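Please work from the sequences and hints to get the whole structure.
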Amino acid sequence: MDRLTELENRSIYIIREAYHQFGRLAALWSVGKDSTALVWLCKKAFFGDVPFPVVHIDTSYKFPEMYSFRDEMVARWGLDLIVARNEEALARGVGPHEGSKLNCCTELKTNALKQCIAEYGFEGLLLAIRRDEHGIRAKERYFSPRDRQFRWNYEDQPPELWDQYTSEVDEEFHLRVHPLLEWRELDVWLYVRRENLPVNPLYFARDGKRYRSLGCKTCCSPVQSNASTVDEIIEEIRTGRTAERAGRAQDKEDAYTMQKLRALGYM
Amino acid sequence: MEDEALKLVLVGSVDHGKSTLIGRLFHDTDSLPEGKLEEIRAASEAEGKELEFGFVMDHLREERQRGMTIDTAQTFFSTERRQYVIIDAPGHKEFLKNMISGASQAEAALLICSAHEGVEEQTRRHAYVLKLLGLSQTIVAYNKMDLVHYDRRRFEEVRSELLRFLDRIGISPALEIPISAKLGDNVAGRSANMPWYGGPTILEALDRFEKGPAPLEKPVRFPIQDVYELDGGQLAVGRVESGVLRRGAELTFLPTGRMRTVLNIRKFGEEDLAEAPAGECIGVIFDRDDVQRGEVGCPPGETARQAVSFQASIFWMARAPLQAGEELSVRCSTQERVCRVSAIRERVDSSTLEHLEHNAAALQETEVGEVTISTDSPIVLESFTDVPELGRFVLVRGCDVVAGGIVTAPEAGA
Ligand SMILES: Nc1nc2c(ncn2[C@@H]2O[C@H](COP(=O)(O)OP(=O)(O)O)[C@@H](O)[C@H]2O)c(=O)[nH]1
Numbered sequence: 000m001d002r003l004t005e006l007e008n009r010s011i012y013i014i015r016e017a018y019h020q021f022g023r024l025a026a027l028w029s030v031g032k033d034s035t036a037l038v039w040l041c042k043k044a045f046f047g048d049v050p051f052p053v054v055h056i057d058t059s060y061k062f063p064e065m066y067s068f069r070d071e072m073v074a075r076w077g078l079d080l081i082v083a084r085n086e087e088a089l090a091r092g093v094g095p096h097e098g099s100k101l102n103c104c105t106e107l108k109t110n111a112l113k114q115c116i117a118e119y120g121f122e123g124l125l126l127a128i129r130r131d132e133h134g135i136r137a138k139e140r141y142f143s144p145r146d147r148q149f150r151w152n153y154e155d156q157p158p159e160l161w162d163q164y165t166s167e168v169d170e171e172f173h174l175r176v177h178p179l180l181e182w183r184e185l186d187v188w189l190y191v192r193r194e195n196l197p198v199n200p201l202y203f204a205r206d207g208k209r210y211r212s213l214g215c216k217t218c219c220s221p222v223q224s225n226a227s228t229v230d231e232i233i234e235e236i237r238t239g240r241t242a243e244r245a246g247r248a249q250d251k252e253d254a255y256t257m258q259k260l261r262a263l264g265y266m
Numbered sequence: 000m001e002d003e004a005l006k007l008v009l010v011g012s013v014d015h016g017k018s019t020l021i022g023r024l025f026h027d028t029d030s031l032p033e034g035k036l037e038e039i040r041a042a043s044e045a046e047g048k049e050l051e052f053g054f055v056m057d058h059l060r061e062e063r064q065r066g067m068t069i070d071t072a073q074t075f076f077s078t079e080r081r082q083y084v085i086i087d088a089p090g091h092k093e094f095l096k097n098m099i100s101g102a103s104q105a106e107a108a109l110l111i112c113s114a115h116e117g118v119e120e121q122t123r124r125h126a127y128v129l130k131l132l133g134l135s136q137t138i139v140a141y142n143k144m145d146l147v148h149y150d151r152r153r154f155e156e157v158r159s160e161l162l163r164f165l166d167r168i169g170i171s172p173a174l175e176i177p178i179s180a181k182l183g184d185n186v187a188g189r190s191a192n193m194p195w196y197g198g199p200t201i202l203e204a205l206d207r208f209e210k211g212p213a214p215l216e217k218p219v220r221f222p223i224q225d226v227y228e229l230d231g232g233q234l235a236v237g238r239v240e241s242g243v244l245r246r247g248a249e250l251t252f253l254p255t256g257r258m259r260t261v262l263n264i265r266k267f268g269e270e271d272l273a274e275a276p277a278g279e280c281i282g283v284i285f286d287r288d289d290v291q292r293g294e295v296g297c298p299p300g301e302t303a304r305q306a307v308s309f310q311a312s313i314f315w316m317a318r319a320p321l322q323a324g325e326e327l328s329v330r331c332s333t334q335e336r337v338c339r340v341s342a343i344r345e346r347v348d349s350s351t352l353e354h355l356e357h358n359a360a361a362l363q364e365t366e367v368g369e370v371t372i373s374t375d376s377p378i379v380l381e382s383f384t385d386v387p388e389l390g391r392f393v394l395v396r397g398c399d400v401v402a403g404g405i406v407t408a409p410e411a412g413a
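From first to last, the protein sequence lines are chains A and V. In this text, residue positions in the first sequence follow numbering that gives the first Met the number 0: the first is 0, and each later residue adds one. In this text, residue positions in the second sequence follow numbering that gives the first Met the number 0: the first is 0, and each later residue adds one.
Hints are supplied without guarantee of correctness; some may be wrong.
Computed Cβ-Cβ distance ranges for the label pairs, DEER-style [to be verified]:
1. V:298 x A:84: 50 to 58 angstroms
2. V:36 x A:87: 40 to 48 angstroms
3. A:239 x V:163: 45 to 53 angstroms
4. A:97 x V:38: 52 to 60 angstroms
5. A:71 x V:36: 35 to 43 angstroms
6. A:63 x V:198: 57 to 65 angstroms
7. A:234 x V:245: 37 to 45 angstroms
8. A:207 x V:169: 56 to 64 angstroms
9. V:363 x A:230: 51 to 59 angstroms
Because the hints were derived from the structure by calculation, they are not lab data. The structure displayed is predicted, hence computed values, not measured ones. Built from N, CA and C at the ideal position, the CB exists for glycine as well.
Now the structure itself:
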């Protein structure tokens, strides 16, 4: 079995376990390449129709191309979309230009997600994080409990053996499920090519620059690149050594910001 | 090349150099992302240390400060032959559950033992866990050779001590390599400091590992994972764990004993497949809609075993000890049963292999037990060496996974 098929099977197994386990399950969909691949895997796991909602955490500072891509995909794939926005914080004027970036992320992402979980009562959330994205993500389990404050007790995680995942947790916890944990950035692009998945145009180079990782417009900068097709992106990743998140401001502000965000429950 | 990836776990006692070796492997294979080396150098300096390659893996602040690896971490580096997914497993006793979590995901192991410190309690315990998990592809790296002046006699001394232990538990390492993770001797390049060693480097040794072949020759085992309603009928989903499932095949489902015929094998976008080999997650339409999660499909003449009592080796991972007779649940593949550990026949120290007690009343954290487990209703099993997916299980207390285990005999027996 080739590597992509192996990865796909493993992810589908995990998605089906999560669906079996949780009455209220949702997939977080940032509209980027990884979570779009995740949603596609969900479609495959359930033979076409994703039987749970996909949640887009909308800070309102995303690229216009992301909103249009989102709406196009919702129609094309027949998705049940929930848009999670922290309206209260937005009304207070919270944004990337006021105060620290950490505060902005906390309010518009973490708190927006908390409100969404409280409103819908989700017990399980599928997230498209990958271990090779960032050293801290390398610590993740496939099924990872978070408390109401979204705290991640990474020092004392439950054991996870073979395909037996932590499935029940106390009431104040929910489980984060990571079906793509084992995938590499390269695998995602190879999969995009194999499955012929739609790609947000922001990933393709324009005027010598492209976005390698998508977030908020205000905190994302493009990397130098001439890769304007999926094939060229694959070639670039194979030969290049720039860290994927090199263009993300939140990683630079403080080497430990990412860790703080993780512990706080940011995806 | 990108098609192959091998999952490798590094184990061994704390401070023997696992993290350092991982950092070194990344560095020497040119696998560090741009900017990473500078980041590590800055982080090392900020904490008043020399360049610590261990920081590549030890990403969490606490780990940097305490200078130890807390949890398993995993990431990638490449050689000419393939990519390696590295699982870094912590060496401290209190983190054994993390080491086990990491090792249970691996396909091959690298056991690190410092030639300076010598064989320690955790070195032996980790080796024993590898054995229990069935990780038979193992390389031993004798690290910190620079601290013992690259002395061959010291190497042979530590080596023979470790080999005696490995021999007792039935592990025969594929290769044994003297290295210095810190300075790079025998990691990517051959060391000029140890002319007496003529074997391969770590990288060469890793590239000799072979991925285990898929168990296609074995009889079919198809545990049902779930059942979906589709187009007015039922689609039973699951992963083929061994053999090749074919359209038209008859399957006996255990433990119910019902016989069903495979009418249609499906994956999304691929209706009516002729067959599905081990490893494929598929949907199956049977001639009748009644199979359920936890049932295991087998060819009628070659069924798996089923039992209400079986023998196993378990390693206990919870702080609160296991009490003989205590009610727990056992999960094996997609099955779940209420169970009792009806006897702890032997209580074993997982580091010294000392048999601490016969017919014990309790099992403590990090101890291994040779136990008999009784279930409230029949459970489908195989011996771990036959079909690992049906020969390994976890024990659950409340919400917590408290033990991992390997079926040694799928019936009560002696
Ligand atoms: N001299 C020397 N020191 C080493 C070597 N490998 C590791 N160390 C040091 O031993 C300490 C523990 O190493 P580390 O990789 O953190 O061990 P781990 O706990 O097994 O991950 C660190 O201070 C390393 O710098 C080596 O080959 N030679």
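Comparing the hints with the structure gives:
1. V:298 x A:84: 50 to 58 angstroms: Taking Cβ atoms as reference, residue 298 of chain V and residue 84 of chain A lie about 55 angstroms apart, which means the hint holds.
2. V:36 x A:87: 40 to 48 angstroms: 44 angstroms Cβ-Cβ, so the 40 to 48 angstroms window holds.
3. A:239 x V:163: 45 to 53 angstroms: holds (48 angstroms)
4. A:97 x V:38: 52 to 60 angstroms: violated (29 angstroms)
5. A:71 x V:36: 35 to 43 angstroms: Since residue 71 of chain A and residue 36 of chain V have Cβ atoms about 41 angstroms apart, the given range 35 to 43 angstroms holds.
6. A:63 x V:198: 57 to 65 angstroms: Distance hint for residue 63 of chain A, residue 198 of chain V holds at roughly 60 angstroms.
7. A:234 x V:245: 37 to 45 angstroms: holds (40 angstroms)
8. A:207 x V:169: 56 to 64 angstroms: holds (59 angstroms)
9. V:363 x A:230: 51 to 59 angstroms: Taking Cβ atoms as reference, residue 363 of chain V and residue 230 of chain A lie about 57 angstroms apart, which means the hint holds.
Violated hint: 4 only; the structure is consistent with all others.
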